[in-house]
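The sequence shown begins at 1 in the numbering used here and counts up by one.
Hints are all accurate, no fakes.
List time: in silico PhoX-like cross-link candidates among lysine-lysine, alpha-carbon distance up to 25 Å: (1) K28 / K40; (2) K92 / K78; (3) K105 / K92; (4) K105 / K119; (5) K40 / K26; (6) K21 / K32; (7) K32 / K19.
Calculated directly from the structure, the hints in this document are not laboratory data.
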Amino acid sequence: MINQLFEEKMMVPPVADTKEKFEIEKLKLEIKRLNRPVWKSAGFWTSLLPIIISIGTLVILYLNGTFDSRARMLELRKENLSYEINTFERRKETLVSENLSLQFKLMRHQRLLDTLHLKNAGKDKQLAHFRERYNNAIELIRLTSLQDSLERAAGILFGSAAPVKKELSPEDIWSDTSSVLKK
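Model the full structure from these sequences, guided by the hints.
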């Protein structure tokens, strides 16, 4: 028996039996591999890894491009607003200086107007005074002329000749008044 066991162990198994055993074992391993989930296999990950890397790269490039374009657009808006602010500030400075200039002109004209009012107020009083004097002079001339006419008529009636007086004309009185107004 020992010999028999020894012989069996020492004996080289037939080639057909060994080949069948290996095929059976291979089939068992294949079945075990097929029963395992797909995502646990190395082949799945080796084929999926380039796809994941390319999608990640595309996402990163898209986000960088989007952020860059947004950043450029915001930068352009910022520059545009800065330009508009500078333009408005220059316009404001121009308007402020024009406003000050106009205020000074207004003050100067107001002072000139006040001065003219003061001068005209005095001249208006003088003019009213001269008009009154002129009207009085005309009335005096009219009365004097009437008196002279009456004296002549009386002289003719009573036979005495009245002395001839120099008659004043309104132009004589007015020339006297206008020379005072010019002063």
